[in-house]
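Visitor: One-letter residues, chain by chain:
2 protein chains.
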Amino acid sequence: MSIPNPLEIIDQATYDFVREWMALGDASHDFQHILRVYNQAMIILNAEQQLHPKRGYDTRLIAYATFLHDIGDRKYFPHKRPIDASDPEFQYYALLVKHDLQYTEATNVVFHALRARDLDVKWAEDVQMVCNCVSYSYENSNPDEVGKAMKMHPELAIVQDADRLDAIGAIGIARVFAYTGAKSKTRGLNGTLQHFDEKLLKIVDKTKTETGRKMAWERTEKLKTFLRWWREEIGDGSS
Amino acid sequence: MSIPNPLEIIDQATYDFVREWMALGDASHDFQHILRVYNQAMIILNAEQQLHPKRGYDTRLIAYATFLHDIGDRKYFPHKRPIDASDPEFQYYALLVKHDLQYTEATNVVFHALRARDLDVKWAEDVQMVCNCVSYSYENSNPDEVGKAMKMHPELAIVQDADRLDAIGAIGIARVFAYTGAKSKTRGLNGTLQHFDEKLLKIVDKTKTETGRKMAWERTEKLKTFLRWWREEIGDGSS
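Chains as they are written, first to last, in numbering that gives the first Met the number 0: chain A, 0 to 238; chain B, 0 to 238.
Since the hints were made in silico from the structure, they are not lab data.
Predicted model only: the values in this text are computed from it and were never measured.
Please note that a few of the clues may not be correct.
[To be verified] Counterexamples of contact, computed for chain B against chain A with all Cβ distances above 10 Å:
1. Asp25
2. Lys53
3. Leu100
4. Asp119
5. Phe176
6. Gly187
7. Leu188
8. Phe225
9. Trp228
10. Glu231
11. Glu232
[Said to hold, decoys possible] Computed list of lysine to aspartate or glutamate pairs in EDC-like fashion (alpha-carbon distance at most 16 Å, straight line):
12. Lys147(A) x Asp117(A)
13. Lys207(A) x Glu47(A)
14. Lys182(A) x Asp204(B)
15. Lys213(B) x Glu197(B)
16. Lys74(A) x Glu144(A)
17. Lys97(B) x Asp25(B)
18. Lys184(A) x Asp204(B)
19. Lys182(B) x Asp25(B)
20. Lys184(A) x Asp25(B)
21. Lys79(B) x Glu104(B)
22. Lys182(B) x Glu231(A)
23. Lys223(B) x Glu209(B)
24. Lys213(B) x Asp25(A)
25. Lys213(A) x Glu47(A)
26. Lys205(A) x Glu124(A)
27. Lys201(A) x Glu138(A)
28. Lys207(B) x Glu104(B)
29. Lys182(B) x Asp86(B)
30. Lys184(B) x Glu124(A)
31. Lys213(B) x Glu19(B)
32. Lys184(B) x Asp25(A)
33. Lys121(B) x Glu47(B)
34. Lys198(B) x Glu231(B)
35. Lys213(A) x Glu231(B)
No residue lacks a Cβ here, since even glycine has one placed at the ideal position from N, Cα and C.
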């Protein structure tokens with residue numbers, strides 16, 4: 000299959016805003032992550048359409064949601080108005096100001112960003128709803144809301160799976176350790192391994208599409224192999 | 000085999016200084032790295048002694064060098080006297096001041112730290128020489144000096160191999176991505192994969208002991224498997 004260039008679907012201003020925003024992130028949450036999730040979502044969409052020819056999916060909704068799903072990520076979105084340029088949140092806040100979005104919150108920034116492009120209100124609400132429901136931890140805390148959103152927008156299942164696949168397998172291993180280096184110095188490598196048990200190994204059971212689940216299963220096996228390697232190497236030290 | 004507690008060999012003040020220093024590092028270069036290298040060196044030492052019963056190795060030199068080998072790491076050692084507490088080098092510099100080492104350089108800080116414990120001058124010089132010659136890139140740039148040091152101190156081969164083993168295999172994968180997250184945002188995950196080709200896959204050929212080389216070979220196979228996984232996952236996006 001050939002994956003459409005995202006700029007055939009997404010307007011240039013939104014594309015540039017996402018690229019600017021993600022450029023502020025670390026290697027675990029950067030623009031490459033967005034492009035991988037977009038590509039992965041298009042692959043899943045294609046496979047699901049072949050499996051279920053009668054289901055209708057809105058490709059444009061999937062494309063916009065993959066691009067915008069991390070703008071409101073609370074690990075990066077500014078929690079206050081920083082006044083000190085050495086504050087890591089300063090650059091994010093400056094970008095909100097540049098785009099006249101300084102009065103938005105993590106939960107509605109996507110809506111307002113799309114409205115600023117004169118995109119339809121209902122459409123902007125739909126993209127915001129899907130973006131708000133992508134997160135694994137948000138779903139764990141708000142299963143009913145996410146379940147309802149998925150009934151209204153089956154595209155959410157595809158965006159979720161694409162994002163979750165990027166958290167496991169070789170890519171997921173790379174990202175979780177990059178995140179530790181960038182944002183969570185205290186947990187160290189050993190604490191990161193705990194995160195495999197707490198979250199990464201459970202992701203496969205939270206995938207929604209047949210295509211996503213099959214891929215997630217394969218990537219989960221890689222996580223288990225990696226953990227076995229680690230035990231072998233550390234085990235050298237106690238044998 | 001049972002590995003001696005490092006405090007049976009290393010004086011408490013040196014141990015504490017290393018722990019304080021490495022606590023300032025990111026997850027790729029922290030005190031856990033030091034403890035792993037110490038353990039790995041003791042395992043290699045034990046195996047090499049069994050392979051070559053007539054060779055004499057100085058266990059104390061190995062222990063001190065594993066503990067101190069990263070104090071002069073130029074990726075972290077302060078290059079100037081920072082006056083701004085938001086400067087990442089500030090805390091390192093403050094620790095040098097605390098230990099009356101503010102007039103040292105990356106290449107002699109170990110010597111002066113040991114002299115401050117009233118350890119013998121010749122002994123402090125030996126540990127410093129081994130520490131200076133551990134680095135893979137230093138050896139590439141100064142092969143003759145490192146070769147001479149290894150003839151004088153065969154312990155260097157063991158410390159080098161132990162440190163290099165921590166840069167490959169599952170542990171190495173974790174550390175290289177943690178380093179990208181912490182210190183090298185611009186290279187991203189893709190740039191980190193290039194580092195596999197530029198350095199990590201070549202390490203096995205730079206190991207010095209039979210024991211270290213065998214372990215390095217196994218860990219290099221894991222790196223290759225990881226790269227294959229990555230290509231599979233990204234390849235999903237172009238197939």
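Visitor: Of the hints stated earlier, which fail here?
Guide: Of the numbered hints, 1, 5, 6, 7, 8, 9, 10, 11, 12, 14, 15, 16, 17, 18, 22, 23, 24, 26, 28, 30, 31, 33 and 34 do not hold.
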